[in-house]
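Protein chains in written order, with the numbering used here: chain A, 1 to 192; chain B, 1001 to 1192.
These are calculated hints, taken from the structure and not from any lab test.
Do not rely on the hints blindly, as some may be mistaken.
Unchecked claim - Calculated pairs, EDC-like style, for lysine to aspartate or glutamate (alpha carbon to alpha carbon, straight line, at most 16 Å):
1) K190/A - D1098/B
2) K18/A - E30/A
3) K1168/B - E183/A
4) K188/A - D1098/B
5) K186/A - D1098/B
6) K186/A - E1091/B
7) K1186/B - D98/A
8) K168/A - E1091/B
9) K1186/B - E91/A
Unchecked claim - One-sided and incomplete, this derived list gives chain A residues near chain B with beta-carbon spacing under 8 Å:
10) P21
11) S22
12) A93
13) S103
14) D106
15) F110
16) F113
17) G174
18) I185
19) L187
Given the structure is predicted, the values throughout are model-derived calculations rather than measurements.
We put the CB at the ideal spot given by N, CA and C, even for glycine.
Number of protein chains: 2
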Amino acid sequence: MPRWLTNVRILSGSLTMKALPSSEVYQLLEPGPVVLLTTARHGRANIMTMSWHMMVEFEPPLVGCVVSSANHSFAALRATGECVIAVPALELASKVVDVGNCSGRDVDKFVAFGLTPTPAERVAPPLVAECFANLECKVTDTRLVNRYNLFVVEVLKAWTDPAQTNPKTIHHHGYGRFVVDGETIKLKSKMR
Amino acid sequence: MPRWLTNVRILSGSLTMKALPSSEVYQLLEPGPVVLLTTARHGRANIMTMSWHMMVEFEPPLVGCVVSSANHSFAALRATGECVIAVPALELASKVVDVGNCSGRDVDKFVAFGLTPTPAERVAPPLVAECFANLECKVTDTRLVNRYNLFVVEVLKAWTDPAQTNPKTIHHHGYGRFVVDGETIKLKSKMR
């Protein structure tokens, strides 16, 4: 298989994911979208909604994220050291809220909300096929976990769905109020 | 002076700042806006542009932020343990980029870009009068500073400008491309 083919994956049916260079990962998370986080433990995948995340380093891409110890995903993330951060567009907003309104203790959320777990390449937790970007991550620093539930993770592999052009992300302002991406402006920044 | 008066501050002229309850601070930063960060050292204030931040705790509000050691602000933040995080609206976008395009080593950015430093109540670094929100912060955790330039800060006091109604924030996607807040949607979330 030609080497470049590893940068494209055909998922079920016509769904294709394209590898994103690690140097571009920050452009997904820096703007502060609500994301989904998947974990897998004891043969079972789970998914949660997360808004407390930030970029920590460009390359390799490091991400800080706070996963409350009250979340069912916390134990899985701490025990396995692996997760997928998936970025949903506006069309998934109601499912994103549904995912956040219940716990993996009680519900198989993939089944309940019609989200499609899809095998990742480098980690056990699944990608979310409906999301326009998926980041396969491993935990690299746990020093702030006990005090703040703050994990530092490294993005090992990043995928985007080329069929979702110009996805609009959502940004949480509290209690179910979300601001949707509006217009894009371009300014002469020297900053990456 | 009646106690409630401490929740309103009259700045120069007609500019007024209203105290924001600490329980509502997360609603400003969770959506991922580009912010300004001020520091003060050796009698001199400085200001930088920052996009790598996240909420870490609701109350007291804790914020994680990455301030590169290449930034002039880094040494001041580490030495003094104090900063102000100021949230600019769209109208300040070009100034926000200007602030990011130069260094406090060379320029007094408040003067150069016509931003108004205003005394804070609990910390030495100034508020930015033109911003619709200002968060007075002290550093509470430096364990990840050496490795990641990641500071955890506590918000001691938060101010909003009641004259700026429905401010639209900007979100950086890299290389000067910013998405502006669009429409707001309300969904039935059980999450705070």
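Do the hints match the structure? See the list:
1. Among the hinted pairs, K190/A with D1098/B is consistent with the structure: their alpha-carbon atoms are about 9 Å apart, no more than 16 Å.
2. Between K18/A and E30/A the alpha-carbon distance is near 20 Å, which puts this suggested pair outside the 16 Å criterion.
3. As the CA atoms of K1168/B and E183/A are separated by approximately 11 Å, the hinted pair is consistent with the 16 Å bound.
4. For the hint linking K188/A to D1098/B, the alpha-carbon distance of about 8 Å falls within 16 Å, and the restraint holds.
5. With a C-alpha separation of about 13 Å, the suggested pairing of K186/A with D1098/B holds against the 16 Å cut-off.
6. With a C-alpha separation of about 14 Å, the suggested pair K186/A and E1091/B falls inside the 16 Å cut-off, and the hint holds.
7. Proximity of K1186/B to D98/A is assessed by CA-CA distance (about 13 Å); at most 16 Å being required, the pair is judged to hold.
8. Of the supplied pair hints, the one linking K168/A and E1091/B is violated, its CA atoms being roughly 22 Å apart against a limit of 16 Å.
9. Pair hint K1186/B plus E91/A holds up; C-alpha atoms about 14 Å apart against a cutoff of 16 Å.
10. At a threshold of 8 Å, the smallest CB-CB gap from P21/A to chain B is about 12 Å, leaving the interface hint violated.
11. For S22/A, the suggested interface contact is broken, since its CB lies about 13 Å from the closest CB of chain B, more than 8 Å.
12. Given the 8 Å rule on beta carbons, the hint for A93/A holds: about 6 Å separates it from the nearest Cβ of chain B.
13. Taken as an interface hint, S103/A does not check out: its beta carbon lies about 11 Å from the nearest beta carbon of chain B, beyond 8 Å.
14. For D106/A, the shortest C-beta to C-beta distance to chain B is roughly 13 Å, which exceeds 8 Å, and the interface hint is violated.
15. Given hint, F110/A at the interface with chain B, is violated; its Cβ is 19 Å from that chain's nearest Cβ, farther than 8 Å.
16. Look at F113/A: its Cβ only gets to about 13 Å from chain B, farther than 8 Å, so that hint breaks.
17. Here the hint on G174/A is kept, as its CB sits about 4 Å from the closest CB of chain B, short of 8 Å.
18. Using the Cβ-Cβ criterion of 8 Å, the hint placing I185/A at the interface with chain B is satisfied: the shortest such distance is roughly 5 Å.
19. Nearest Cβ of chain B to the Cβ of L187/A: about 4 Å, under the 8 Å cut. The hint holds.
In this structure, the hints that do not hold are numbers 2, 8, 10, 11, 13, 14, 15 and 16, in rising order.
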